[in-house]
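2 protein chains.
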Amino acid sequence: MANRHTQTCAIAAALNILGDHWTLLLVREAFYGATRFGEFQRNTGIAKTLLSDRLFFLEKEGIFRKEDVGERGTRYAYYLTEKGRALETVMIALMQWSNEYVYGRGKEPVQLLDRSTGKPVPQLQLRNRKGEALGAMDVAFRAGPGASKATRRRLESIE
Amino acid sequence: MANRHTQTCAIAAALNILGDHWTLLLVREAFYGATRFGEFQRNTGIAKTLLSDRLFFLEKEGIFRKEDVGERGTRYAYYLTEKGRALETVMIALMQWSNEYVYGRGKEPVQLLDRSTGKPVPQLQLRNRKGEALGAMDVAFRAGPGASKATRRRLESIE
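Chains A and B, in that order, are what the protein sequence lines are. So for the first sequence, the working numbering puts the first residue at 1; every next one is plus one. So for the second sequence, the working numbering puts the first residue at 1; every next one is plus one.
It should be emphasised that the hints constitute simulated quantities derived from the structure, not laboratory data. Among the hints, a few may not be true.
Okay, derived cross-link-like pairs now, DSBU-like style, lysine-lysine, Cα gap no bigger than 30 angstroms in a straight line [said to hold, decoys possible]: (1) A:K107 - B:K149; (2) B:K119 - B:K107; (3) A:K130 - B:K60; (4) A:K130 - A:K119; (5) A:K83 - B:K107; (6) A:K107 - A:K119; (7) A:K60 - A:K119; (8) B:K149 - A:K149; (9) A:K48 - A:K83; (10) A:K119 - B:K130; (11) A:K66 - B:K119; (12) B:K83 - B:K48; (13) B:K119 - B:K83; (14) A:K149 - B:K48; (15) B:K48 - A:K83; (16) B:K60 - B:K83; (17) B:K66 - A:K130; (18) B:K83 - A:K130; (19) B:K60 - A:K149; (20) B:K149 - B:K83; (21) B:K130 - A:K60; (22) A:K83 - A:K119; (23) B:K83 - B:K66; (24) B:K119 - B:K130; (25) A:K119 - B:K149; (26) A:K83 - B:K60.
Build out the structure end to end from the sequences listed, making use of the hints.
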């Protein structure tokens with residue numbers, strides 16, 4: 001986490017936590033059901049010292065909580081917190097983008113299926129409160145209550 | 001881009017492109033309307049050599065296309081391709097997560113508003129083909145047509 005972004009920007013702040021390649025892969029593993037150091041290590045191929053470092057960091061940031069399960073050798077289990085589980089949307093957005101634009105249709109390594117139909121889940125789509133799809137032209141980025149002067153100026157310059 | 005992940009995993013592949021902190025911030029700037037080297041530089045605070053490197057990389061990966069606009073000094077303009085514009089869902093998922101769990105309600109630096117109502121756009125939500133919301137229990141990650149043996153084994157071990 002060498003270069004922390006200091007802009008007041010939700011994307012920059014998210015990347016300060018998630019920007020490290022490994023972070024989201026560990027979150028992915030947790031979604032797949034991994035809870036133990038050895039599982040995370042085996043399933044991602046991450047070096048042990050790096051894994052140790054990342055799990056500590058993710059616990060500190062409130063993405064994982066560590067539980068002492070009292071077994072010899074593998075004392076701890078790691079579980080996603082509510083904040084961690086909420087990353088599912090980010091993960092799925094990444095997966096759907098990559099399946100479509102990096103791998104391409106028919107070459108998807110992993111798909112998200114609707115259990116009740118067995119069919120792929122449709123792409124995430126912005127919708128208004130009535131559930132109608134919103135396009136890029138229907139939405140606008142605006143300074144929020146926590147905007148810094150610089151962010152406010154930046155966003156006002158857009159239109 | 002020191003550590004390229006080699007797993008056949010759509011998330012790993014996406015992070016090979018987007019894993020660098022700066023990459024998504026440049027994409028964010030492009031969504032805000034930046035097209036010129038100087039704008040990207042000024043609005044993110046990125047070092048010029050790093051920016052030059054990242055723009056080259058993003059063009060190579062098909063996220064930006066570079067256009068010679070023939071002006072002295074600032075010859076080139078950078079535009080998002082279709083693949084780049086499709087990252088909007090990833091960006092918005094990150095922004096919504098960060099607004100809720102990093103900044104918290106009432107402290108959002110930037111909000112995405114529905115132009116027709118002026119209200120914040122609801123959180124991205126997985127839905128089935130009928131438009132009904134899907135929870136974590138309604139969906140499953142499954143090996144796709146492009147899965148490697150390792151990915152297939154990994155996913156079959158889940159349940």
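We went through each hint and held it up to the structure:
1. In summary, the hint linking K107 (chain A) to K149 (chain B) is supported, as the alpha carbons are separated by about 14 angstroms, within the 30 angstroms threshold.
2. For the given pair, K119 (chain B) sits about 16 angstroms from K107 (chain B) by alpha-carbon distance, which is consistent with the 30 angstroms threshold.
3. Among the hinted pairs, K130 (chain A) with K60 (chain B) is inconsistent with the structure: their alpha-carbon atoms are about 40 angstroms apart, more than 30 angstroms.
4. Under the criterion of a C-alpha separation no larger than 30 angstroms, the hint pairing K130 (chain A) with K119 (chain A) is consistent with the structure, at around 25 angstroms.
5. The straight-line distance between the Cα atoms of K83 (chain A) and K107 (chain B) is roughly 17 angstroms, inside the 30 angstroms bound, and the hint therefore holds.
6. Among the hinted pairs, K107 (chain A) with K119 (chain A) is consistent with the structure: their alpha-carbon atoms are about 16 angstroms apart, no more than 30 angstroms.
7. Annotation: proposed proximity of K60 (chain A) to K119 (chain A) is violated, straight-line Cα distance about 38 angstroms (limit 30 angstroms).
8. Restraint check for K149 (chain B) and K149 (chain A): not satisfied, since their Cα atoms lie roughly 52 angstroms apart, outside the 30 angstroms limit.
9. As the CA atoms of K48 (chain A) and K83 (chain A) are separated by approximately 25 angstroms, the hinted pair is consistent with the 30 angstroms bound.
10. At roughly 12 angstroms between alpha-carbon atoms, K119 (chain A) and K130 (chain B) fall within 30 angstroms of each other, so this suggested pair holds.
11. With a CA separation close to 38 angstroms, the supplied pair K66 (chain A) and K119 (chain B) exceeds the 30 angstroms bound.
12. Of the supplied pair hints, the one linking K83 (chain B) and K48 (chain B) holds, its CA atoms being roughly 25 angstroms apart against a limit of 30 angstroms.
13. A distance of roughly 28 angstroms separates the Cα atoms of K119 (chain B) and K83 (chain B); the hinted pair therefore holds under the 30 angstroms criterion.
14. Only pairs whose Cα atoms come within 30 angstroms are accepted, and K149 (chain A) paired with K48 (chain B) is accepted, the gap being roughly 24 angstroms.
15. Annotation: proposed proximity of K48 (chain B) to K83 (chain A) is violated, straight-line Cα distance about 35 angstroms (limit 30 angstroms).
16. Simply put, K60 (chain B) and K83 (chain B) have alpha-carbon atoms about 12 angstroms apart, close enough for the 30 angstroms limit, and the pair holds.
17. A hinted pair counts as satisfied when its Cα atoms are at most 30 angstroms apart, and K66 (chain B) with K130 (chain A) does not qualify at roughly 39 angstroms.
18. Straight-line distance between C-alpha atoms of K83 (chain B) and K130 (chain A) comes to about 28 angstroms, which keeps the hinted pair within the 30 angstroms bound.
19. A hinted pair counts as satisfied when its Cα atoms are at most 30 angstroms apart, and K60 (chain B) with K149 (chain A) does not qualify at roughly 35 angstroms.
20. Straight-line distance between C-alpha atoms of K149 (chain B) and K83 (chain B) comes to about 28 angstroms, which keeps the hinted pair within the 30 angstroms bound.
21. Only pairs whose Cα atoms come within 30 angstroms are accepted, and K130 (chain B) paired with K60 (chain A) is rejected, the gap being roughly 40 angstroms.
22. In summary, the hint linking K83 (chain A) to K119 (chain A) is supported, as the alpha carbons are separated by about 28 angstroms, within the 30 angstroms threshold.
23. The suggested pairing of K83 (chain B) with K66 (chain B) holds, with an alpha-carbon distance near 14 angstroms, which does not exceed 30 angstroms.
24. The hinted pair formed by K119 (chain B) and K130 (chain B) meets the criterion: a straight-line CA distance of about 25 angstroms does not exceed 30 angstroms.
25. For the proposed pair K119 (chain A) and K149 (chain B), the alpha carbon gap of about 22 angstroms is at most 30 angstroms, so the pair holds.
26. Restraint check for K83 (chain A) and K60 (chain B): not satisfied, since their Cα atoms lie roughly 34 angstroms apart, outside the 30 angstroms limit.
Consistency note: the structure conflicts with the earlier hints numbered 3, 7, 8, 11, 15, 17, 19, 21 and 26.
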